[in-house]
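Enquirer: Chain residues, written in single-letter form:
Number of protein chains: 4
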Amino acid sequence: MPGFLSKLLRVLRERRGNDMPFMCRHLLSERGEASQTALAEEIINAYRAMNAGQRPQFFEMLSHDFAPDQTTLLRAVSDYQHSPGPSTLAALSAAVESPRQELFRRINTAPRGTETLIALREHLSTSKNSGDFAVIDFDLKHLFRSWFNRGFLHLERISWQTSALILEKLIGYESVHEINGWPDLRRRLEEDRRCFAFFHPALVEDPIIFVEVALSKGLTGDLEPLLDIQAPVLASETADTAIFYSINNCLRGLRGVPFGNFLIKQVVSELANELPNIQVYSTLSPLPQFSRALRDQRNEDGFTHYRISRLLADDSRNLTQAARRRDPVEALLQLLEEPLAHRNVLAKPLERLALAYLTQVREGGKLYDPVATFHLSNGARLERINSFGNLRSYGLKASFGVTANYRYLPAELEENHERFVRGEIQVANGLVSDHKAVAQAWQVSR
Amino acid sequence: MPGFLSKLLRVLRERRGNDMPFMCRHLLSERGEASQTALAEEIINAYRAMNAGQRPQFFEMLSHDFAPDQTTLLRAVSDYQHSPGPSTLAALSAAVESPRQELFRRINTAPRGTETLIALREHLSTSKNSGDFAVIDFDLKHLFRSWFNRGFLHLERISWQTSALILEKLIGYESVHEINGWPDLRRRLEEDRRCFAFFHPALVEDPIIFVEVALSKGLTGDLEPLLDIQAPVLASETADTAIFYSINNCLRGLRGVPFGNFLIKQVVSELANELPNIQVYSTLSPLPQFSRALRDQRNEDGFTHYRISRLLADDSRNLTQAARRRDPVEALLQLLEEPLAHRNVLAKPLERLALAYLTQVREGGKLYDPVATFHLSNGARLERINSFGNLRSYGLKASFGVTANYRYLPAELEENHERFVRGEIQVANGLVSDHKAVAQAWQVSR
Amino acid sequence: MPGFLSKLLRVLRERRGNDMPFMCRHLLSERGEASQTALAEEIINAYRAMNAGQRPQFFEMLSHDFAPDQTTLLRAVSDYQHSPGPSTLAALSAAVESPRQELFRRINTAPRGTETLIALREHLSTSKNSGDFAVIDFDLKHLFRSWFNRGFLHLERISWQTSALILEKLIGYESVHEINGWPDLRRRLEEDRRCFAFFHPALVEDPIIFVEVALSKGLTGDLEPLLDIQAPVLASETADTAIFYSINNCLRGLRGVPFGNFLIKQVVSELANELPNIQVYSTLSPLPQFSRALRDQRNEDGFTHYRISRLLADDSRNLTQAARRRDPVEALLQLLEEPLAHRNVLAKPLERLALAYLTQVREGGKLYDPVATFHLSNGARLERINSFGNLRSYGLKASFGVTANYRYLPAELEENHERFVRGEIQVANGLVSDHKAVAQAWQVSR
Amino acid sequence: MPGFLSKLLRVLRERRGNDMPFMCRHLLSERGEASQTALAEEIINAYRAMNAGQRPQFFEMLSHDFAPDQTTLLRAVSDYQHSPGPSTLAALSAAVESPRQELFRRINTAPRGTETLIALREHLSTSKNSGDFAVIDFDLKHLFRSWFNRGFLHLERISWQTSALILEKLIGYESVHEINGWPDLRRRLEEDRRCFAFFHPALVEDPIIFVEVALSKGLTGDLEPLLDIQAPVLASETADTAIFYSINNCLRGLRGVPFGNFLIKQVVSELANELPNIQVYSTLSPLPQFSRALRDQRNEDGFTHYRISRLLADDSRNLTQAARRRDPVEALLQLLEEPLAHRNVLAKPLERLALAYLTQVREGGKLYDPVATFHLSNGARLERINSFGNLRSYGLKASFGVTANYRYLPAELEENHERFVRGEIQVANGLVSDHKAVAQAWQVSR
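Chains as they are written, first to last, in the working numbering: chain A, 197 to 642; chain B, 197 to 642; chain C, 197 to 642; chain D, 197 to 642.
The hints are simulated quantities; they were obtained by calculation from the structure and are not laboratory data.
Treat the hints with care, since some could be wrong.
As the list claims (entries may be wrong) - No farther apart than 27 Å at their CA atoms in a straight line, the calculated lysine-lysine pairs in the DSSO-like style are these:
| no. | chain 1 | residue 1 | chain 2 | residue 2 |
| --- | --- | --- | --- | --- |
| 1 | A | 365 | A | 337 |
| 2 | D | 413 | C | 337 |
| 3 | C | 413 | C | 562 |
| 4 | B | 365 | C | 365 |
| 5 | D | 562 | D | 413 |
| 6 | D | 365 | A | 365 |
Use the sequences and the hints to build the structure in full.
Expert: Pasting the structure below:
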């Protein structure tokens, strides 16, 4: 901080100490304008010095002291009712916005403001009584949706030329397929890999979302060759397929601000420009709650014993024989305790069940799988389902090793999205008949 | 635009042509999400292609079709009245925000979005029926205050090393003391001058506000040596004074978004770091409406014949003699027709009248002079008044050549600002007794 | 300069003052090593403070005190004669290199070293007794050819985004077609113009050579549309021709260090990448000494009365009629006093004479015209000759307005160069028969 | 490589294949000028494709075919003898320079030229018959001393913000105190460490020399706290001492081109600017051949039995007792087999012997220890000798764990260097009496 502001701050501190409610009120008041940045900086420092035990008191204050004034609001409400028009609307609009929002905007004027507010929202979400602070979360999310508008983000390629500081953060943020140290990261940045991230100008050294891409010959549903550090490096110009195998949001404090759909489309554009040979853009994605959904039979719109048994159909005999049980559903569930030991028997039924999981299981009317929801809503189509595509322990645990490919066909994106909005799910030709069969089996309820 | 998006766009265009209302509605709808950026780009292009005659129809649409839904809003209003609480407040808050804001946020996702929205607001302000579009202006201003938060701006020094593209824009934007071509600009960027601008990351090649500073030995109220292209260049380390002689907002579309106060304080910090010898930070400012205020005697809180005559007091005789008129006020106004011809007689009375103008004249309860309001509210004090400091034609016309210095004393800024909020104006020691005298003369009304 | 070196320097100065011979000897000695950079800086400052009158004494010293030691050299010479071998060769090689070169290398270790040595060489060339200092010039040129190796230069596009500091230098350095201020420069950097320069890492803000290119539809020999500030701007992607209309070496001190051939080929590559529509790369070049050559009839390998008369042949009658003189050569020369008044009569003979000038006139066995020599040696072919292509006064004076196009055909460059080395000049198909006729007329001597 | 040059190259290849002698000769010839860069590129590619077995043939060719022409040289020699003067000197100078140098300069015109030539020199030094190729090495070194002039290098701070690509190279190049992976590197770049490197513009991603610095409170001779990954991080502004604990030349091909002295002084300047609290600049250095020198008693100017016994003097009794041998020298050497087991007994004698090693042992008239030579010649003084400062295995092996501090006192550098040139060695006050005693003991020969 420049010398002159620090003088200001010293004067400030002498005159009123480290009193957060005072500082926040003063920052919002007309009187505090002349020292806005210094005050904001002071608040930022005071907040950053708090530990988890001290924050709730601050959240309480934000929640109560900076809510809209109810008297003013009720008056504005009543004025609008009596004569709805531009001026009463403007007054109502002003009265309904919580002073917190302006407080946050003013805090943001000082260095590290944005990152502190993002941290604050993360702290909120992990706070004990986070429910009480929903109004704060609401205000921050509203601000962040405006500040982190796609027009203010810039895409950057991450490579081995990138600073170690940023690369180290990738290692920390990767949560889909953990990066095991620098040699693993290095392999993910070789000539046949690409990594792109969105950055925001106020967070220079912090990616906010990134995607990892493998260039390959042909599409695959197998994760292992993509993650193998020793895998031979392909000359990028000989690749015909780009596989998006990991997408990570970095900052919990930005939860609910949408970047992912922009990122994928932008990266498809970048790759199309750089590598005209690429014919296929597709993900290799997890089915994060397949295992849970299959076992949870309390969900009416989910897997029921009857539905599973219909879906197993032709495979029932193999399963009962292998498990030495009479009920094919029980047989299945037993075999799934050790899926690798029964790959041959399980491969086919798993594919069909996964197809049902991805396209039929719903909760609260919405598609159950978040990854499927994201890509299908984004205009991709379900391209392939791969049993035993992810043999890592977390893959077996979450989805018995099943993986899915969602393919992005630029020419179809818009139409697919519109169909999805209408409730239709687009699948590749190779999945069409299975998709129909699964839907039919699912619909017949007993 | 990347090839893939352009394909999308082509498909789009074939399917529905260049229909703005449709495109805007579609951009806001869930169905339009998959092609958000492409749609936004299309809207931007269509808007930029409009001429002044075509825009009002578009503004009409924005104003009517994207207002908050009145039925929903009235229901939310009534719900809140019956049970004010977090959930009814949230619903009210959502209902009151005009869909225009979300539309603008989505337009902003495409390249050139920000600059187009800024241009749109400028177009609004120059549109015939701009009053009808106040709601659009309101929404844009609200967005811009959030987007152009000081935390997202960065200060850059403008020098002869800066790109010609940006320098050319300075020439265009300078409206206080016109820059007469490149040699004039070059002199303003020599070693004894400084120029700083705020930039926003979404407007890479457009400064949004800039300030020009002259380094000198001692404070001056005379403009000429600062603007003289031939003036000898001072070694910057020998200067003891920094004079802010021109501050310019560049983009009309950002009117009302405050940057100036941040800019000046930031620049003071920068200079303090770079040049520890600088003791005095001060402006050399115009009195843009002094001449108008003196002649306009309809304003109750302004110059009246009685007040002027009291302020002239001891100088009355000189004025009446010089003008050969009996009434000193009439004498004064007559001499002011040719101020340069009567420098000796006018110098003193002009200083006193200017002091009254800057500190006493009010309109609607607020200080009349916008420049004084800006600096005094910002925590500066009135340091000096200089008759015949600006002999250029626009200076003589606006203020009979009078200039003012507002001085920024870091240690006093906050206190001065607080005093100003309470209605007190801080002046330098040298002006204190005059200030009292003027106030006294002013108060006594007849 | 960092504080610590400045202390060193102060100590230095106290101990021995500003004594150039001492400082230079000390810099070369083993004892001076510890303070090499400080000493070098001192020498640089002392040199830069000299005026034109003081420099010759310094040059004298460089020339005498830092020449190879004759005794050592004669011994090395004699040793090598007696037993030529690696070790005597190495000794000879060491003895023959003048200590000046090492002195210059050491001076170069300090900031501004390179630019000071370049300035020194320029000063040498304008010094009264520059002939006496040829040895210094020789050493500097040898160093510069090594330091300014093409591998150390980087090409940069100059545009309106470039810093004003560099653009201002272009205005100063342009000597082929003067840039008349900033608006002229701006037009030369519009979308249908390109400008590229070579920079050296030690001269960050100084281009060392630059070329200006006009993009157009079709090749032209007329300069005016290229230089016209008001000319409409062509969309660059619609151009099919790139015309190199001005190439300028910037630093006299680098005279004789070849960059131009690299520059043109590199720029052709850049343009080919950026603008695939460009089919023709050609210059529009002056004939700087055509006028002089035509009037100077003392050169045996130049224009003689007999040769001119043979070249005029069929046009003789028109000329004699127009000039009302009997001798066609005299008629020609008379009409050329006012070439614009006789465009019709002169156009054809001027083209033929210019062709002879460019391809036949020699001096000392070498082609006479330096521009033709440069481009033809570089592998270009003579594409067109244009009478009255340059109507500006300097064009009329130097070449009666004639211009030439040299075309760069990538596939032919190497072969054309090899032909040129063998003495053949490559011309476009349209010039072949004229070229033969001219050669024939030229050969027949009387 | 741009498209157009690649065409050229294709034509080239078709016409003459991959014939190195031809390409090199052609590149040097006048005929090859038009395709210089393409030819150079071809040669570079061909060279890079060679394996260690193929290179010697190429070196042979360089050595024989591109030597100065003997006939021309003998004529120039004889001409100079008969009339020594500027023109015969110039001719001699031209004749003595080997065409290899011009060949190398032309190879350098293409991309990767510089790095290829540096690699070539490295290959030379590891080639079987490297002695035969001394002339090539000589020419390259001569070029490199010119090209890698300090004036063309720039200092860069290396930090955790630096690209992983460059950081990875540091890990590879560090040879004094091996960097054990990324966490070790990261600790060396924390707030209380500094790392600076020289870069050359033609080698963008390759540091050519770097130095690692530890900031500390007080000077230490113990390596461990500096290398300990877990050591607590000191706030840099509280440090008073900067310890240069590792300096590494990166490129073997640049051996003999001096950078180190410039680097240290420049870094001292940088640190002095950044951290005004630093009072002491010192190295913590190894004694790389202390162990060897102590055991090698064949060197007349080195350790002899007599000298060692005189140096041991008062410690003899302790040593003989500890080793249970009568001869103190033999006792010493026996104890040094397991130095850590006898720290108490060995500490003092090792310090004295190390002092003798650093200041007295010579070979060929020059100081024996290369690190001492480097720093003392550079103007530093010997500040401290620390027995058991480096307990790592390589430290025990090379110097029984002894380390030395060389201190850089800006004000003394020049004088110390001059003394060193005269044969005097400057030591800190604390070492003066020991230094005298050691020198006396050493001088008395038997």
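Enquirer: With the threshold set at 27 Å, check whether the alpha-carbon distance from residue 365 of chain B to residue 365 of chain C stays at or below it.
Expert: holds, 21 Å
Enquirer: Does residue 365 of chain A lie within 27 Å of residue 365 of chain D when you go C-alpha to C-alpha?
Expert: holds, 21 Å
Enquirer: Are the Cα atoms of residue 365 of chain A and residue 337 of chain A separated by 27 Å or less?
Expert: Roughly 23 Å separates the two Cα atoms, so the pair holds.
Enquirer: Hinted pair, alpha-carbon criterion (27 Å max): residue 562 of chain D, residue 413 of chain D. Please report holds or violated.
Expert: Violated: residue 562 of chain D and residue 413 of chain D sit about 35 Å apart, past 27 Å.
Enquirer: Next pair to validate is residue 413 of chain C with residue 562 of chain C; report whether the Cα-Cα distance is within 27 Å.
Expert: With Cα atoms ~35 Å apart, residue 413 of chain C and residue 562 of chain C exceed 27 Å; violated.
Enquirer: Keeping to a limit of 27 Å between CA atoms, is the pair of residue 413 of chain D and residue 337 of chain C held or broken?
Expert: Distance of about 51 Å is beyond 27 Å: violated.
Checked against the numbered hints given earlier, this structure breaks hints 2, 3, 5; the rest are met.
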